[in-house]
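Protein chains: 2
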Amino acid sequence: MAERTATLEGTITALAEQKKYPALRDILVTMNPADVAALFDEIDEHLLPLLFRLLPKDMAAETFVEMEPDPQELLIRGFSDSELKEVVDELYVDDAVDLVEEMPANVVRRILKQADPETRRLINNILQYPDDCAGSLMTTEFVDLLPTMTVADAVKRIKRTGTDKETINICYVIDDGRHLLGTVSIRTLILSEDDEPVAEIMQENVISVGTLTDQEDATALFSKYDLTVLPVVDNENRLVGIITVDDALDVLETETTEDIEIMGGMTPTDKPYLKTSVWETFKARFPWLLLLMISATFTGQIITSFENALAVAAVLTAYIPMLMDTGGNSGSQASVTVIRGISLGDIEFSDYFKVLWKEIRVAVICGVALAAANFVKLMLVDRLLFHNPEVTVTVAAVICLTMVCTILCAKVVGCTLPMLAERLGFDPAVMSSPFITTIVDALSLLIYFRFAVSILRL
Amino acid sequence: MAERTATLEGTITALAEQKKYPALRDILVTMNPADVAALFDEIDEHLLPLLFRLLPKDMAAETFVEMEPDPQELLIRGFSDSELKEVVDELYVDDAVDLVEEMPANVVRRILKQADPETRRLINNILQYPDDCAGSLMTTEFVDLLPTMTVADAVKRIKRTGTDKETINICYVIDDGRHLLGTVSIRTLILSEDDEPVAEIMQENVISVGTLTDQEDATALFSKYDLTVLPVVDNENRLVGIITVDDALDVLETETTEDIEIMGGMTPTDKPYLKTSVWETFKARFPWLLLLMISATFTGQIITSFENALAVAAVLTAYIPMLMDTGGNSGSQASVTVIRGISLGDIEFSDYFKVLWKEIRVAVICGVALAAANFVKLMLVDRLLFHNPEVTVTVAAVICLTMVCTILCAKVVGCTLPMLAERLGFDPAVMSSPFITTIVDALSLLIYFRFAVSILRL
Numbered sequence: 001m002a003e004r005t006a007t008l009e010g011t012i013t014a015l016a017e018q019k020k021y022p023a024l025r026d027i028l029v030t031m032n033p034a035d036v037a038a039l040f041d042e043i044d045e046h047l048l049p050l051l052f053r054l055l056p057k058d059m060a061a062e063t064f065v066e067m068e069p070d071p072q073e074l075l076i077r078g079f080s081d082s083e084l085k086e087v088v089d090e091l092y093v094d095d096a097v098d099l100v101e102e103m104p105a106n107v108v109r110r111i112l113k114q115a116d117p118e119t120r121r122l123i124n125n126i127l128q129y130p131d132d133c134a135g136s137l138m139t140t141e142f143v144d145l146l147p148t149m150t151v152a153d154a155v156k157r158i159k160r161t162g163t164d165k166e167t168i169n170i171c172y173v174i175d176d177g178r179h180l181l182g183t184v185s186i187r188t189l190i191l192s193e194d195d196e197p198v199a200e201i202m203q204e205n206v207i208s209v210g211t212l213t214d215q216e217d218a219t220a221l222f223s224k225y226d227l228t229v230l231p232v233v234d235n236e237n238r239l240v241g242i243i244t245v246d247d248a249l250d251v252l253e254t255e256t257t258e259d260i261e262i263m264g265g266m267t268p269t270d271k272p273y274l275k276t277s278v279w280e281t282f283k284a285r286f287p288w289l290l291l292l293m294i295s296a297t298f299t300g301q302i303i304t305s306f307e308n309a310l311a312v313a314a315v316l317t318a319y320i321p322m323l324m325d326t327g328g329n330s331g332s333q334a335s336v337t338v339i340r341g342i343s344l345g346d347i348e349f350s351d352y353f354k355v356l357w358k359e360i361r362v363a364v365i366c367g368v369a370l371a372a373a374n375f376v377k378l379m380l381v382d383r384l385l386f387h388n389p390e391v392t393v394t395v396a397a398v399i400c401l402t403m404v405c406t407i408l409c410a411k412v413v414g415c416t417l418p419m420l421a422e423r424l425g426f427d428p429a430v431m432s433s434p435f436i437t438t439i440v441d442a443l444s445l446l447i448y449f450r451f452a453v454s455i456l457r458l
Numbered sequence: 459m460a461e462r463t464a465t466l467e468g469t470i471t472a473l474a475e476q477k478k479y480p481a482l483r484d485i486l487v488t489m490n491p492a493d494v495a496a497l498f499d500e501i502d503e504h505l506l507p508l509l510f511r512l513l514p515k516d517m518a519a520e521t522f523v524e525m526e527p528d529p530q531e532l533l534i535r536g537f538s539d540s541e542l543k544e545v546v547d548e549l550y551v552d553d554a555v556d557l558v559e560e561m562p563a564n565v566v567r568r569i570l571k572q573a574d575p576e577t578r579r580l581i582n583n584i585l586q587y588p589d590d591c592a593g594s595l596m597t598t599e600f601v602d603l604l605p606t607m608t609v610a611d612a613v614k615r616i617k618r619t620g621t622d623k624e625t626i627n628i629c630y631v632i633d634d635g636r637h638l639l640g641t642v643s644i645r646t647l648i649l650s651e652d653d654e655p656v657a658e659i660m661q662e663n664v665i666s667v668g669t670l671t672d673q674e675d676a677t678a679l680f681s682k683y684d685l686t687v688l689p690v691v692d693n694e695n696r697l698v699g700i701i702t703v704d705d706a707l708d709v710l711e712t713e714t715t716e717d718i719e720i721m722g723g724m725t726p727t728d729k730p731y732l733k734t735s736v737w738e739t740f741k742a743r744f745p746w747l748l749l750l751m752i753s754a755t756f757t758g759q760i761i762t763s764f765e766n767a768l769a770v771a772a773v774l775t776a777y778i779p780m781l782m783d784t785g786g787n788s789g790s791q792a793s794v795t796v797i798r799g800i801s802l803g804d805i806e807f808s809d810y811f812k813v814l815w816k817e818i819r820v821a822v823i824c825g826v827a828l829a830a831a832n833f834v835k836l837m838l839v840d841r842l843l844f845h846n847p848e849v850t851v852t853v854a855a856v857i858c859l860t861m862v863c864t865i866l867c868a869k870v871v872g873c874t875l876p877m878l879a880e881r882l883g884f885d886p887a888v889m890s891s892p893f894i895t896t897i898v899d900a901l902s903l904l905i906y907f908r909f910a911v912s913i914l915r916l
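From first to last, the protein sequence lines stand for chains B and C.
Reminder that position 411 of the first sequence reads as 411 in our numbering, one-by-one numbering, no gaps.
If you want our numbering, it's the 1-based position in the second sequence plus 458.
In case anyone wonders, no lab produced these hints; they're calculated from the structure.
Note that this is a predicted model, so its numbers are computed, not measured.
Beta carbons are placed, not taken as given, at the ideal position from N, Cα and C, and that holds for glycine.
Do not take every clue at face value.
Here are the computed lysine-lysine pairs in the DSSO-like style, where the Cα-Cα straight-line distance is at most 27 Å [stated by the list, open to error]:
id, chain 1, residue 1, chain 2, residue 2
1, B, K156, C, K623
2, B, K165, C, K682
3, C, K812, C, K682
4, B, K165, C, K614
5, B, K354, C, K733
6, B, K224, C, K729
7, C, K614, B, K159
8, C, K617, B, K156
9, C, K812, B, K283
10, B, K283, C, K623
11, C, K543, C, K623
12, B, K224, C, K682
13, B, K354, C, K741
14, B, K354, C, K729
15, C, K543, C, K571
16, B, K271, C, K682
17, B, K275, C, K812
18, C, K617, B, K165
19, C, K682, B, K275
20, C, K812, B, K271
21, C, K614, B, K156
22, C, K682, B, K57
23, B, K224, C, K733
24, C, K812, B, K159
25, C, K515, B, K224
26, B, K377, C, K571
27, C, K623, B, K165
28, C, K617, B, K159
29, B, K224, C, K623
Cβ-to-Cβ under 7 Å is the rule here; a few derived chain C residues that face chain B [said to hold, decoys possible]:
id, residue
30, S681
31, V703
32, D704
33, E711
34, T739
35, R743
36, F744
37, T784
38, N787
39, S790
40, T795
Use the sequences and the hints to build the structure in full.
Structure follows, in structure tokens:
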């Protein structure tokens, strides 16, 4: 795909420089707006206004929506007022809102000035909702029907108003007070008799969300109930907008990327990797590394305080990385599983004791199995094969006991912290590998030295 | 949500035991099939057949599809042949295929026997595609139109055949050889004049996938092109099926969970956490812990081989965890970012040098900044505050130089290995935190001791 676009970019640039506009237009109209947008994001800035003007009007708007904010701004600054009006008129309200949110204030003023008063009112309405809630994600362009209409009336209404709606696949039945009564799919309408009243064929148990519902919770309903559209209602059950599945998919993708980035110990960015500058990447990563580095110095303090014990039994030092890593990995496994479970809605705080009990049992089996494997390795490889006389049965016992206890602690910490974070209203993803590792490192060393001191009598 | 279901479960069980069937039925029909399925997954086994039989026929099939395999099997084993036939007849082909894939052989034989011959042929057709490709995900129930039909013909055809189709929102225009020519949305049909030919209003640049396209690639197209349905064609561009967005969403969720589990150092399971047995969880986690534990022993060997150096400068031991952790975290950040970029399609192998160059620059800035912070901390806290005379400027220099080099190595390894894995056809997610950490641990120790030996002349 990327290779094709790369070659295409060359072709387009060449044609543009040779001023072969009809050929250019012919190429562009065969492309999908999303691909045209990807091409426009890459192409040389000075060609952009020219190429954009070659697109047919409806395609221009669709392409514009899919573009990155920087070339969008560039285009708008080059538009005449009437060109800007043409694009804004073609946009769906939710896309117009996204645009307004990305642009600097002076560009926003121009956009709002060109929008017709009704659109301007709708945009301002949506803008009032916080950024991460259902209200900010919705569009207000849906088909509404009255329960008293017949199927024929409904189809007539759709024919009259449908062109400007984001979807007509699901229509919404409301009463005079705009309260949501039910939904009718276009399929049901087509397959019903003309004189049947809408009230008879509508689906009444409608899944809907409030305007202030968190966008992650709203989008989770799409996969749970196999939806393609989700109605948004105010707190008196009045229909104010709809969320379409394409926007839900975008939110899902962005939220997952954010979770993964946080779990990897970074501040999430909303730009693709290759478009993020070195400085932005540095800013997203450095604070976490610094914080984790400072936390890790406590682990160092623990080693320092047992320096004398280590001096007597130097062999113990060699097993520190293995114990720390195994602990960290065990904890990560538990935390990653729990974090994903929470974000999929499989695990809730009320399940805590179920989760804990399960992790304890898994930890004991894993711990004993790994300790056994390790004991065999210590005796056969380190002692017999490498002739290390310091690896006595007692030393091996200290290492293996530490392993069992470390894994137990790691799993308990790994499943507890994300659930606690969720309970306290933080993002559970923060309590993932890097933090769990740091905490478990310290714990494993404390356990190790405790066993060493008491068993080896250091 | 879970709390409501929990109470509901109690109510339902109580009503069932008091044999209050009309009341039970009244409750169930107001619920969404997905919620009924969740309830059925939780409820006592012996009530299941009874409750299921209370559902209206179409709702029964929708509920059945959403249930977990175990209760599904239980129900099928209790069904009479005619009951089974009723459910199978109501299923869409793709759901029937999913069912057949989950059930044991003797149950499958019964299901296929009850399906009508055409459905059986369709099921067997889909079953022949490998599990993770577009062909296995599709359904064959779509509306096909001929280019010569008028809008009125098309609507008539939809009215006649639409009831059994999974979606009528998008109809497919094919020629006599079933080659895909274009698509017409129901919206376009409704908004067009009755006598217009389909060929005039159809959309010709159709995004489609081959039957053997990887399911992850196929589902990525949904968010890229804002699709709700994606046609699947054979290698001669003949239309064989469609994938609907709800199935794409499920794949996306499953694949993301798999990626996250692999990144957390586990074998992916396809069951929700709380439904996985302790033994299954153990089996998914143990092999990785064992493998990583064995790899970590090499890190131990490095310490052993520098035991004499450490005995002379024992202070160096205290900084091992901090250096190892910072290296591991730096590497994880790079690998997590690159793995996510690959799975979103933002990064390809051809971008390797761009990625590498970026990571090197980020590593140098991060490394120098962290080393500087660390130097100040070593001098002010460890030396002045804790009066540790062993922390000399030279020792601090060894630690800080190691830090810069470790971070550089970690970022290079962290971005290289996932891209290499992708290039070699492995899942890049494997090259995530746990493996990167293990490799970087060894590297950081080698760098540390090398600097220590040459600068401190040990």
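Does the structure keep K682(C) and K275(B) at a Cα separation of 27 Å or less? 18 Å, holds
Given the hinted pair K283(B) and K623(C), is their Cα-Cα distance within 27 Å? Between K283(B) and K623(C) the Cα gap is close to 51 Å, so the pair fails against 27 Å, i.e. violated.
Supplied contact hint for D704(C), tested at 7 Å Cβ to chain B: Holds, because the Cβ-Cβ distance from D704(C) to chain B comes to roughly 4 Å (cut-off 7 Å).
With a cut-off of 27 Å on the C-alpha distance, tell me whether K682(C) and K57(B) pass. It holds: about 21 Å lies between the C-alpha atoms, which stays within 27 Å.
Given N787(C) was flagged as interface, is its beta-carbon under 7 Å from a beta-carbon of chain B? 5 Å, holds
Restraint status (C-alpha distance of K156(B) to K623(C) at most 27 Å): Holds. K156(B) to K623(C) sits at ~24 Å (cutoff 27 Å).
Given pair status - K733(C), K224(B), alpha carbons within 27 Å: 17 Å, holds
Satisfaction of the S681(C) interface hint, Cβ to chain B closer than 7 Å: 4 Å, holds
Within a Cα-Cα threshold of 27 Å, do K275(B) and K812(C) meet the stated pairing? 11 Å, holds
Proposed proximity, K682(C) with K224(B) (alpha carbon, max 27 Å): Given that 27 Å is the threshold and the Cα spacing comes to 22 Å, the pair holds.
Go through the hint on T795(C) and say holds or violated, using the shortest Cβ distance to chain B against 7 Å. 6 Å, holds
Pair hint K614(C) and K156(B), alpha-carbon separation not exceeding 27 Å: 17 Å, holds
Consistency note: the structure conflicts with the earlier hints numbered 10, 24 and 26.
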